[in-house]
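Participant: The primary structure of each chain is shown beneath.
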Amino acid sequence: MKNYWLGNASLAKTFWSLVISILIYFYVIHSSLLHKYIESLGFYIFADMLGVVLSFFILGSVWRSANNYKGNKIWPLLSKISLIVIVIYSLYKAYFMWRFPDLINNIF
Amino acid sequence: MTDKIFLLLSAMLPTIALLLFFMYSDKFVEPKKNVLSTFILGIFIIAPLQVFHYTTVMILGEPIDYNPFFRAFFKAAFLEELFKFCVLYFFCTKFTAFNEPMDGIVYGIAASLGFAFWENLEYIYIYDEFDTKDALITVWGRAFTAVPSHAFDGVIMGFFIGKHYFRKNKSNINLVLALLVPVILHGFYDWVLMEESINSNFMFLFMAIEFGLVIYLYRSLKTDQLQKKTESEEKLYK
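For the record, the sequence lines run as chains D and G.
Just so you know, we're using the working numbering here: the first sequence kicks off at 3 and counts up by one.
Just so you know, we're using the working numbering here: the second sequence kicks off at 30 and counts up by one.
It cannot be assumed that every hint is accurate.
[Unchecked claim] Derived, one-sided and incomplete: chain D residues facing chain G with beta-carbon distance under 10 Å: (1) GLY44; (2) PHE45; (3) LEU93.
These are calculated hints, taken from the structure and not from any lab test.
Cβ atoms here follow ideal geometry from the backbone N, Cα and C, with glycine treated the same way.
Excised from the complex, chain G in its bound form:
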C-alpha cells in the first residue's frame, strides 16, 4: 500500500514541480485559477484523443495498425499537439490576464503538463497491473524524459502563440510554427523510441535540442519582460 501511495505521488511530483517553477518565474504571475483550469483542460485532451481512436475503430472495424513513423508523428505528436494548441488558442487567449507574450509560455506549460500528468497516471495504471516495481521505474524514467519533453513542447508552442497574439503585422506564420515546431520535435523524440532499428538514446539529442530552444526563447521573452517592468517602474516614479 505504501508503495502505491508513493507511486501516485511520484507520478504527480514532476508535473507539479515544473508547473510551479515556470509559473513563479514569470515576473507578472498569472492568476492561479487560470493556470489550474488550463492544467485541467490539458488533462481532458485525452477525451478527444479517445474519441478519435474509437471513431476510427468504429469505421474500420479494428484499431489502425500504424507503422512507427506514422504512430510517432501523427498519432502521438500531431494529435496531442493539435489539441494542446486548441486549448491555448481557443481558451487561454481569451483570458483577460493573457496580456503579454510570456503568458503564452505559462499557459502552454500548464496545458502540456496537464496532459503529461494524465499520461503518467495511465502508465502507472498499465504497469502496476503487472508489477509495482516496473511502474515505479517507469515513472522515475518519465520524470526526466517524457514529462520535461512535454513541458518543452508547451513552452515552444506558447512562445509562438504569444508572438502571434501580440503581433504587429497580420502574418499567421507564428501560428503555423506554434503547431509545426512542437510536432516535429515531439515526433522525432517518439520516433527514435518506437523505431527498433534506431538507438533510443537519440531521444536525448532531441531533448537537448528542445532544451536549447526553450532556453533561447524563454530568455528572449524574459529580457523583454524585465525591460517592460523597468519602464513601468520608471513611469510610476516620474
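So that you can see chain D by itself, here it is in the shape it has in the complex:
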C-alpha cells in the first residue's frame, strides 16, 4: 500500500489495479450488489465516503507514479486526466448528497 501511495510501483500496475478496483467497488459491489442486500442509510453513506477516500488514495498513487514514469508522455497524461474525472465525479456525488439530502431520504 505504501509503495503504491508513494508512487514506487509502475504506472501500468498502479493504474490498472487501482482504477479497475475502484470501478468494481463503485459500480458492481456498492451500487448493484450490496445496495440491494443492505437497506441502511448508514451503510450507504459510509460506502460512498469510503469510495471518496479510495478515489483520493488512487489519485495520489497514480499521480506520483505518473510523475516517476519514464517513457511516452501520453500515458502519464491520460492516466492523470482519467483520475481527475473519477475524483471530480466522487466529489460531485458527495456535494450533491450533502446539498440535497432529501434525495437521499427518497432512496429509503
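Position chain G relative to chain D; hints supplied.
Facilitator: Below, chain G alone, put in the same frame as chain D:
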C-alpha cells in the same frame, strides 16, 4: 442498529484516512506511537475547553452570550487553536523523532484530527438524539468541510512550528504565525457559518484559501525533504 454502527464508522473514517494520507506521505515516517499519542492528546483538547466553559459559567452564573463574530474568532478559533498549539509546542517538539520541519506538519495534523474526531462524535451524539438521518447527513457534510478544514489548520500551524523549531535566527515570528494564521482562517470559516447575514457558501472560499496555502507550504517542505534524502543517499554511496 446497523445505521448506528455505520454512523460511528462514518464519523471515524475521514479523520483516520486523512491522518494516514499525511503520515505516509512523509519520506521519513514518524513512529506510530508518537502519532497516536498526539492524536489522543488532540481528542483531550476538549477537556481544557470544557474547563474554560464551566469556569466562565461558575464566575458569571450563566453561559456567555457570544455574538457570532466573537463566538467564531474567540470561542471556536482562538481557544481550539491555542490548545492545539500547546499540544504541538509543549509535547510534540520534545519527541526525539521530531527532527525535521516536515514533522511539525505530521504532528499538527494528528493533533487537529484528534480534535476533529471528537467533535464529529459530539455532533453525531447531539443529532442522533433527534434523528439518525440528520446525524448521518451532518457527518457526511463534515467529512468534506470541517474535518479537512481542521486538518489544513493543523498543517499550517505545524509548518510554522517546524520552521520555528529548526530556525537559524532567534526570531519568534514563526511562533506567532503558527497561532495567528490558523486562528484567522478558522475564525473566518466559522464566522461565515454563524453569521446569518452572510452566505454560508463563503466557507468554501476560506477552505480554498486554506487548501492553496497547505499545498504551497507542503510542497516547499517536500522539496527540501527530497533534497535532504538525495544528499544523504549520495553520502552513503560515496
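Participant: A closest beta-carbon separation below 10 Å is what the hint needs, so does D:GLY44 meet it against chain G?
Facilitator: Cβ of D:GLY44 sits 3 Å from chain G, so the hint holds.
Participant: Does D:LEU93 pass the interface check with chain G, least Cβ-Cβ distance below 10 Å?
Facilitator: holds (8 Å)
Participant: Restraint: D:PHE45 near chain G, CB-CB cut 10 Å. Satisfied or not?
Facilitator: With a minimum Cβ separation of about 5 Å from chain G (threshold 10 Å), the hint on D:PHE45 holds.
Hint check: no violations occur; every hint is consistent with the structure.
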